[in-house]
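So the sequences go chain by chain: A and B. Position 64 of the first sequence, counted from 1, bears residue number 336 in my numbering, the numbering being contiguous throughout. Position 10 of the second sequence, counted from 1, bears residue number 282 in my numbering, the numbering being contiguous throughout.
No wet-lab data here; the hints were simulated from the structure. Every clue listed holds true.
If the Cβ cut is set under 7 Å, some of the chain A residues that face chain B in the computed set are: (1) N274; (2) A408; (3) L484; (4) G485; (5) R487; (6) L489; (7) T493; (8) V496; (9) I501.
Result set (DSBU-like, lysine-lysine): computed pairs, CA atoms no more than 35 Å apart in a straight line: (10) B:K361 <-> A:K320; (11) B:K361 <-> B:K290; (12) B:K361 <-> A:K381; (13) B:K320 <-> B:K290; (14) A:K290 <-> B:K381; (15) B:K381 <-> B:K361; (16) B:K381 <-> A:K320.
Some, not all, of what chain A presents toward chain B, calculated at C-beta under 7 Å: (17) A368; (18) F409; (19) S448; (20) V488; (21) A497; (22) S500; (23) A504; (24) L508; (25) M509.
Just so it is clear, CB atoms sit at the ideal spot from N, CA and C, and this is done for glycine as well.
Number of protein chains: 2
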Amino acid sequence: MNLILFEASEISIPLTRKDARAVHLLTVLRRNVGDTFDAGLINGARGKGRVAAINADSVALIFTWETPSPPLDPLVLVLGLPRPQTARKILQESAALGLSALHFFRAEKSEASYAQSTLWSTGEWRRHLVTGAAQAFDTRLPEVTHGLSLPEALSLLPNGHHSIALDNYESPQALSAIALDRPVTLGLGPERGWSASERDLLRARGFLFAHLGARVLRTETAVVAAVSIVKARLGLM
Amino acid sequence: MNLILFEASEISIPLTRKDARAVHLLTVLRRNVGDTFDAGLINGARGKGRVAAINADSVALIFTWETPSPPLDPLVLVLGLPRPQTARKILQESAALGLSALHFFRAEKSEASYAQSTLWSTGEWRRHLVTGAAQAFDTRLPEVTHGLSLPEALSLLPNGHHSIALDNYESPQALSAIALDRPVTLGLGPERGWSASERDLLRARGFLFAHLGARVLRTETAVVAAVSIVKARLGLM
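Input sequences plus hints: build the corresponding full structure.
Spelled out as structure tokens, the structure:
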């Protein structure tokens with residue numbers, strides 16, 4: 273937790289002592305009454321928190337908001353719903369890397385059971401975004417959708433992006449060989465890959481196909497690798 | 273386990289049924305007597321294994337070796353000893369990404385306790401390399417040292433490499449701004465960063481300093497990001 277993040281609804285009420293942020297403040301950062309710390313308002317400003325009081329059950333905090341966070345990077349990910357444990361890592365890494373949106377679509381080769389995970393049904397997914405943003409010292413969270421079909425997810429994409437689908441099987445070129453000079457949408461299949469009809473749909477929507485070399489990477493590694501290569505090409509990393 | 277890897281000492285004796293590879297073969301891949309699977313000899317050839325017999329306590333395998341694995345990528349990592357859980361991820365990711373060597377050095381800002389971890393004392397570290405190589409469908413493992421000082425680690429580095437130290441605090445340029453046309457050695461500090469004397473030593477050895485942008489990344493994410501950017505610049509990804 274490089275930046276301790278709060279929802280707008282939380283900033284006028286004390287934190288319970290059991291809240292992970294209270295534990296972090298008091299036991300890791302060892303803050304006492306009067307001490308300050310780096311704080312952020314989710315999707316809002318960064319600033320300072322100050323410990324106003326430490327009670328038996330709660331910690332009272334006072335905030336001073338300073339600078340707005342800069343906008344997220346013009347990078348969108350569309351990816352086939354992976355197993356929940358993989359999705360958790362991708363949510364956190366994507367927020368840390370500053371993506372502006374993530375669309376997890378129901379791929380033909382996704383396991384249907386993945387969509388039933390408590391990750392999605394309990395809202396747990398948002399917690400992983402907050403962890404990633406806090407790590408990166410940012411307040412902004414990527415927009416996330418899950419459970420859409422691929423056509424529905426594609427219909428949400430901004431115009432004017434380079435659109436690149438990663439595919440280790442049917443790609444004529446490496447991702448590094450594609451010249452990039454404007455925002456990028458990256459498509460990734462689920463762990464078992466794109467179906468033929470998904471490939472056809474992506475081609476019809478103007479996606480180029482690219483690979484990440486001959487090595488078979490885990491999905492979460494491929495996400496960090498591809499996003500980093502794209503950010504470097506855009507001078508953002 | 274995209275490729276099931278074996279030590280040279282293991283290929284003429286049956287696998288015990290409790291071995292994770294036997295469990296994977298019989299319960300995930302559902303192989304029966306006579307069936308084949310993709311196998312590799314660690315640091316050697318790839319080929320096929322065949323299930324010769326399934327006994328109460330063991331599985332007998334027969335191998336046919338076909339093609340040698342291509343050499344690893346000309347990329348070396350020198351990094352300050354991180355906490356063991358972070359080192360585990362870096363070992364696995366580095367092997368999956370095809371680095372040829374990893375040197376974990378005792379940094380001034382590394383916690384001394386990290387070096388005492390069973391990760392290093394039991395040889396567990398090598399298991400994470402095997403997992404990463406198997407994921408990437410490779411047989412080759414990076415060379416690893418741990419416990420050297422920074423001068424000792426630097427003395428092991430090959431000549432003729434671009435040498436780049438990542439540093440979010442004192443870098444004049446982004447990693448993406450550095451032109452690369454030959455093998456690369458990347459230096460990363462420990463989680464708490466480089467010391468002043470370590471920075472001086474790196475500069476004296478010709479390291480350029482570069483950053484990965486304004487976002488604060490976990491060490492394991494920074495490793496995947498930096499390696500991917502470098503591999504892309506060299507046309508390897």
